[in-house]
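Protein chains: 2
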Amino acid sequence: MASLGPSIDELISALRCLPGVGPKSAQRMTFHLLERNREGGAHLAKALMDALDNVQHCRRCRILCESDICIRCQDERRQQDQLCIVEMPSDVLAIEQATHYKGQYFVLSGHLSPLDGIGPEALGIPRLIEWLDEKTILEVILATNPTVEGEATAHYISELARERQIKVTRLAHGIPLGGELEFIDSGTLSHAFSGRESI
Amino acid sequence: MASLGPSIDELISALRCLPGVGPKSAQRMTFHLLERNREGGAHLAKALMDALDNVQHCRRCRILCESDICIRCQDERRQQDQLCIVEMPSDVLAIEQATHYKGQYFVLSGHLSPLDGIGPEALGIPRLIEWLDEKTILEVILATNPTVEGEATAHYISELARERQIKVTRLAHGIPLGGELEFIDSGTLSHAFSGRESI
Ligand SMILES: [Zn+2]
Ligand SMILES: [Zn+2]
Numbered sequence: 001m002a003s004l005g006p007s008i009d010e011l012i013s014a015l016r017c018l019p020g021v022g023p024k025s026a027q028r029m030t031f032h033l034l035e036r037n038r039e040g041g042a043h044l045a046k047a048l049m050d051a052l053d054n055v056q057h058c059r060r061c062r063i064l065c066e067s068d069i070c071i072r073c074q075d076e077r078r079q080q081d082q083l084c085i086v087e088m089p090s091d092v093l094a095i096e097q098a099t100h101y102k103g104q105y106f107v108l109s110g111h112l113s114p115l116d117g118i119g120p121e122a123l124g125i126p127r128l129i130e131w132l133d134e135k136t137i138l139e140v141i142l143a144t145n146p147t148v149e150g151e152a153t154a155h156y157i158s159e160l161a162r163e164r165q166i167k168v169t170r171l172a173h174g175i176p177l178g179g180e181l182e183f184i185d186s187g188t189l190s191h192a193f194s195g196r197e198s199i
Numbered sequence: 001m002a003s004l005g006p007s008i009d010e011l012i013s014a015l016r017c018l019p020g021v022g023p024k025s026a027q028r029m030t031f032h033l034l035e036r037n038r039e040g041g042a043h044l045a046k047a048l049m050d051a052l053d054n055v056q057h058c059r060r061c062r063i064l065c066e067s068d069i070c071i072r073c074q075d076e077r078r079q080q081d082q083l084c085i086v087e088m089p090s091d092v093l094a095i096e097q098a099t100h101y102k103g104q105y106f107v108l109s110g111h112l113s114p115l116d117g118i119g120p121e122a123l124g125i126p127r128l129i130e131w132l133d134e135k136t137i138l139e140v141i142l143a144t145n146p147t148v149e150g151e152a153t154a155h156y157i158s159e160l161a162r163e164r165q166i167k168v169t170r171l172a173h174g175i176p177l178g179g180e181l182e183f184i185d186s187g188t189l190s191h192a193f194s195g196r197e198s199i
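As you go down the protein sequences, you meet chains A and B in turn. Residue numbers for the first sequence follow the UniProt record's numbering, so the first one is 1 and each next one is one higher. Residue numbers for the second sequence follow the UniProt record's numbering, so the first one is 1 and each next one is one higher.
Derived from the structure by calculation, the hints contain no laboratory data. Where hints are given, some of them may not hold.
You can't tell identical chains apart in this list, so a pair holds if it fits in one copy or across any two.
[As the list claims (entries may be wrong)] The list that follows gives simulated cross-link-like pairs (lysine-lysine, DSS-like), each with its CA atoms no further than 30 Å apart:
1) Lys-24 - Lys-102
2) Lys-46 - Lys-24
3) Lys-46 - Lys-102
Only chain A is shown next, with the shape it has when bound in the complex (with noise of 0.2 Å):
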């Protein structure tokens, strides 16, 4: 592709890092804020260099803050024995408004990926099997996605908790509050059908 100059290059190809934008899409925006929205541009130079100067991870439960411990971890109020383990920031976000829990979280921040080279360091493994042999947790809620990565990375966490005789436990699977059923792919309600309750 013909170049319109060397700044415009880079920017095109920077924009390449977010997820999801491929290099049609980084042109379009490129254009976008260099013809119709500097102000928009000049923001978001300034909102990126803030929150890669301010945020971090917490020390104790690894979610994004910006002090040395999150406003969660450091409340006293919250139950103390209880430990549910999500693979992104945003998962404890969706629990905190969905549900009255009121425990301890421990982000992965992704999940087991050997093929992209995504071990048990990478997940801050090390510093959860420190948490475990505190001997303050009674019991571990695994709550990583229902994906295939997700459910190894479930299954290796469930051992190191079981290793320590910790009670362990993860959302329940099945039918979404209305889903229709001709819609709810065959894995899902294959796992609805046996799992069926009593009423």
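Start from chain A and add chain B with the ligands according to the hints.
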């Protein structure tokens, strides 16, 4: 939605200035940058600031460029009497790659869109009129997009050229090469049919 911290919220909101990025993808992008690709994020912030500093519009043809007058406008070997009018800088690149055109360009940076407050001023029409009044242009080639807005913009400019006795052409419409008839939209097919050529 619960918050992880002000800098994180600010970055999620700043990413919304990118076209096609809604709240969900802005959040996904933010977590991706902060969790997985801080180097990419820092590079993006720098590339944005550099581009905003260095990139302006060519004083002559209004294309995005990094000097006062772009490389094509400086090139005296290009024909001076043909002026191809496009909506976007990327259209110039596409025409340069696909054709042997060696004339001048004028970049509107959009199309007339009264509802969005985009009128002739915003498209640089006063500058275009100056150029047409120099009497150096013998042919105006309209290469706006074949959309309602693009056609309206082309019509508006064709009037300006005709008033000055300048020849006006537009890109031929028809079946795209390699296109299969049954998948061509009916407007294009009808246009191609009525504009059929002797062979
Ligand atoms: Zn924490
Ligand atoms: Zn130029």
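Going down the list of hints, with the structure as the test:
no., hint, result
1, Lys-24 - Lys-102, "between (44 Å within a copy, 25 Å between copies)"
2, Lys-46 - Lys-24, "both (25 Å within a copy, 21 Å between copies)"
3, Lys-46 - Lys-102, "neither (35 Å within a copy, 41 Å between copies)"
Of the hints listed earlier, the one the structure fails to meet is number 3.
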